[in-house]
Structure formats: structure tokens, C-alpha cells
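Throw the hints in and build the complete structure from the sequences for me.
Sequential numbering from 1 applies to the sequence shown in UniProt numbering.
No lab work stands behind these hints: they were computed from the structure.
The reader is advised that the hints may include incorrect statements.
What follows is a set of in silico ranges between Cβ atoms, one per label pair, in the way DEER data are often shown [stated by the list, open to error]:
| no. | residue 1 | residue 2 | range |
| --- | --- | --- | --- |
| 1 | Y24 | R80 | 43 to 49 Å |
| 2 | S38 | F262 | 27 to 33 Å |
| 3 | L166 | E21 | 40 to 46 Å |
| 4 | I111 | I217 | 33 to 39 Å |
| 5 | H32 | C139 | 46 to 52 Å |
| 6 | Y213 | L43 | 27 to 33 Å |
| 7 | H102 | L214 | 17 to 23 Å |
| 8 | L43 | E21 | 38 to 44 Å |
| 9 | I314 | T205 | 33 to 39 Å |
| 10 | L326 | P198 | 31 to 37 Å |
| 11 | R177 | V288 | 15 to 21 Å |
| 12 | F169 | I280 | 19 to 25 Å |
| 13 | I173 | C139 | 33 to 39 Å |
Calculated pairs, BS3-like style, for lysine-lysine (alpha carbon to alpha carbon, straight line, at most 30 Å) [said to hold, decoys possible]:
| no. | residue 1 | residue 2 |
| --- | --- | --- |
| 14 | K176 | K34 |
| 15 | K150 | K34 |
| 16 | K34 | K225 |
| 17 | K34 | K234 |
By construction, the Cβ of each residue, glycine as well, lies at the ideal position given by its N, Cα and C atoms.
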Amino acid sequence: MDHAINTTINKTFPTTDNQSERRYVFGPVPSHIKIIVSTLVILFASLSVVGNSLVMYAIRPPKTPNNRAFSRTTAKMFVRSLVLSDLLCAIITAPLFVTEIHIPITPNAWICHLVRYFAYLFPIITIMNMIVIGIERYCVIFCPLAPPSKRVSRRLVIAAWAVGMLMTFIPNINMKRRRYDIDDDKYTLFCSYDNSTPSSRIANTAFSILIYYLPSIVLTVICIKILRFLKRQKQGARGQGSPFVNSMWRYKGSYMLVSLIFAFILPYLLYFIYFTAMTILKPKVSYVIDFTVRYAAAIIGYANGFLNPLIYLICMQDVRARVKALFTRRRRPPHDVYALSEGENRHPNKSIEKGTGQHMLSYTNPSIEQTHHPRTAPAGNYKAPSSEESSGKATVLFFDLGSFSSTADTAIDSSTEVVTKF
Numbered sequence: 001m002d003h004a005i006n007t008t009i010n011k012t013f014p015t016t017d018n019q020s021e022r023r024y025v026f027g028p029v030p031s032h033i034k035i036i037v038s039t040l041v042i043l044f045a046s047l048s049v050v051g052n053s054l055v056m057y058a059i060r061p062p063k064t065p066n067n068r069a070f071s072r073t074t075a076k077m078f079v080r081s082l083v084l085s086d087l088l089c090a091i092i093t094a095p096l097f098v099t100e101i102h103i104p105i106t107p108n109a110w111i112c113h114l115v116r117y118f119a120y121l122f123p124i125i126t127i128m129n130m131i132v133i134g135i136e137r138y139c140v141i142f143c144p145l146a147p148p149s150k151r152v153s154r155r156l157v158i159a160a161w162a163v164g165m166l167m168t169f170i171p172n173i174n175m176k177r178r179r180y181d182i183d184d185d186k187y188t189l190f191c192s193y194d195n196s197t198p199s200s201r202i203a204n205t206a207f208s209i210l211i212y213y214l215p216s217i218v219l220t221v222i223c224i225k226i227l228r229f230l231k232r233q234k235q236g237a238r239g240q241g242s243p244f245v246n247s248m249w250r251y252k253g254s255y256m257l258v259s260l261i262f263a264f265i266l267p268y269l270l271y272f273i274y275f276t277a278m279t280i281l282k283p284k285v286s287y288v289i290d291f292t293v294r295y296a297a298a299i300i301g302y303a304n305g306f307l308n309p310l311i312y313l314i315c316m317q318d319v320r321a322r323v324k325a326l327f328t329r330r331r332r333p334p335h336d337v338y339a340l341s342e343g344e345n346r347h348p349n350k351s352i353e354k355g356t357g358q359h360m361l362s363y364t365n366p367s368i369e370q371t372h373h374p375r376t377a378p379a380g381n382y383k384a385p386s387s388e389e390s391s392g393k394a395t396v397l398f399f400d401l402g403s404f405s406s407t408a409d410t411a412i413d414s415s416t417e418v419v420t421k422f
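Take a look at the structure:
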């Protein structure tokens, strides 16, 4: 009797494992989600390529023998390194990101490790660049007598890339093709981090702390200290006159670099919070929800690649000038642009009298009233002012630039020696 009952139960509720009866499906995610994710990644990657390429062109060293103003600026060395990592991320990582959504490119564990290595490589190098940028700014501001030299800055950049390449192996240790059961008859495989064992969860948590949380805390503290210092310096500069204000050129790039650091920390915050929660808490979520959250967080992180060029254009006057000249076909000597970027006003104020082709050079002094000759004054003639006129007034000279160039911009950039009497 008991045997008959057990036989009936076994026939009604089979106890055999049905894992082998499931069929494999690739990327069981609605097509509209895949299209939206792919479109956003391609859009951000394209904007990043265009923006960072323009910045890379604009900050290239000038092709002139006298480029000391550029060589003194170590900040541009860090900017070039950061631009290069963002550019490679958009060119290499983003295409892998999109391809993996639509094509199964990780058929085995080795390819899974390779794809994930390049997926993490350039964001981690960017983090290392941010760390050396924070160190350099901290030394420049709080240790002004011993700032990092050009050689030390170059070594810091090389170290950032080398350490980033080595640190990328840490998350790769736990990467594998994970099985994800879907409904009762399907399953899928995707390349992701393993958190099935305590050791793997410890390794993933250590990776998050070393790569993101600890650097973010240190950089945030550095940024807050820098901002407080600059605020105190500005408040003190208001009552100390122009000599003190002119000495503020050392801190000119600090606001830009602080903006770059926060522009990196905030976009990647969602991704690492989700990564940490999935590692420690191991919540049960559907594959579609997990896919959507992971890729949405990654998209926000990749958006950092086109935010940085906007910060460069806003904060760097020389970059704006070169990019504008590129699109308006206006040529300006590189040494003039970099002189402006260093905060040096090496030339007097220049302007051109419209319709006369005359070049007017005048020195601006708020305590001196300027006397302008009439528009019909003969070109190249100088009329000495009387003793009454010369008292408290500036003499302005006119030169006919028609023989130099018919282009106003070329005329403005022509070097002219002027002797001015007061």
C-alpha cells in the first residue's frame, strides 16, 4: 500500500532535476531596452570622441621655439593623460559594450576575462589620473616652495597608467560566465563577477574599496581643502590690491581640476553602490532588472567622457581660443594663446579703427585719461602733446597696417614696438 502511494506521488510530482531540460537563450531582454541602451552608449561615445579630440588638438605644444609658457604648465600634462584615457574608453570600451549586448562574444572564460579587462581598464586608469591630479594640486597649493617638477609630474602620469593596468587584474580574478535561470524552461549565460563564495565576495568588496571608495574619499577631502583655501585667498585678495591678485595665477587650474574630480566621482557612484549591494546582500532580482540597472549605471559612468571636454572649454581660455579658431578659420600664434592661458598680459590693449586700416596701441591705466587722435590723423605720424596735454594723459600712436596684411587678425598679432610718453 505504501509502495503504491509513493509510486503515485513520484508520477504526479517528478523529483528529477530539470536543469538539463532548460534551453539556452541569449540576452533575454526586451529589444526596446537593448536599443535604448545601445543608442545612449553610441551617443555618449561619439560626443566623447569629438570633444576629447578637439581638446587634444587644442592643448598640443605650440610649434614655436619659444614654448616655455607651455612647458611650465604641468597641469596640461595631466589633462592630456586624462583626455587620452577618456578617448580610448570611447574608442575601445564603448564598442565592446554595445557588441556584447547584441552578439555573444564571450563563448568561453578566457574571452570573458579579456573583454572584462578592457571594460574596466580605462575607467580605472582615469581614477589613477584623478589621484595624481589631486596630489599635484595639493602640493602646488599647500607646498608652494616645493611643487612637483616637470620630471616628477611625468613620472606620476606614467605611474598612473602602470598602476591602472595592474589594478585591472583584481576584478578579473572573479570574472566568469555565470548561469542565470529564467522562468522554468530557459537559462542564459553572461560574463560577470562571481559572488557565490565568501572569498569571491571579499575580493569584490576589496576591489570596490581600493578602486573607488577610498580614492573618492581622499579626493573629496583634498577638493574641500582646496576650495576652502581658494575662498580664503579670494577674500584676502580684495583688500590687498592688484599685486596679490596677480599672484593668484598659481591656483588658476585648481577649480578646473576640482570640477573634473567631482565629475568623475558622482557619475560612477550609482554603479559602485549597485555593485557593492549585489556582492554583499545578494538580493534576488530578475535578469531584466539586473541588466537594466547595471547598464544604466554604466551609461551614467560613461557620460563622464563627454563632461570632461565641457569642463576644459569652460575653464581653459587657451582651449576655447584654439577650438574657436579651428572652426572660424582665424589663426592666432600659439605663443600668444599660451601667454593668455598663463594669465600674462604681455601686450598693450590693441584695437583697429574700422574703415581706416589703422592699428591703435594704448596702455590701459585707470588713473590716466587717454587721448585718442582723430580718425583722420595721418598714418604713422606722431604729434607730440603739449606740456598741459601730457600731464595726466596717455599718448596713443597710430600706424598704417595696410602694408602688413589685409587681414585684421594678422595685423593684430603683428609685433610692433611703441614708445609712449606720459
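So, going through the hints one by one against the coordinates:
1. Y24 - R80: 43 to 49 Å: At roughly 46 Å between Cβ atoms, R80 and Y24 fall inside 43 to 49 Å, so the hint holds.
2. S38 - F262: 27 to 33 Å: 28 Å, holds
3. L166 - E21: 40 to 46 Å: 44 Å, holds
4. I111 - I217: 33 to 39 Å: Distance hint for I111, I217 holds at roughly 35 Å.
5. H32 - C139: 46 to 52 Å: Given about 50 Å between the Cβ atoms, the range holds.
6. Y213 - L43: 27 to 33 Å: 29 Å, holds
7. H102 - L214: 17 to 23 Å: 36 Å, violated
8. L43 - E21: 38 to 44 Å: With a Cβ separation near 42 Å, L43 and E21 satisfy 38 to 44 Å, so the hint holds.
9. I314 - T205: 33 to 39 Å: 37 Å, holds
10. L326 - P198: 31 to 37 Å: Violated: the Cβ-Cβ distance is about 56 Å, outside 31 to 37 Å.
11. R177 - V288: 15 to 21 Å: Given about 19 Å between the Cβ atoms, the range holds.
12. F169 - I280: 19 to 25 Å: 22 Å, holds
13. I173 - C139: 33 to 39 Å: 34 Å, holds
14. K176 - K34: Since the Cα atoms of K176 and K34 sit roughly 22 Å apart, the hinted pair holds (cutoff 30 Å).
15. K150 - K34: Violated: K150 and K34 sit about 46 Å apart, past 30 Å.
16. K34 - K225: Measuring from Cα to Cα gives roughly 43 Å; hence the hint is violated.
17. K34 - K234: 50 Å, violated
Violated hints, in rising order: 7, 10, 15, 16, 17; the structure is consistent with all others.
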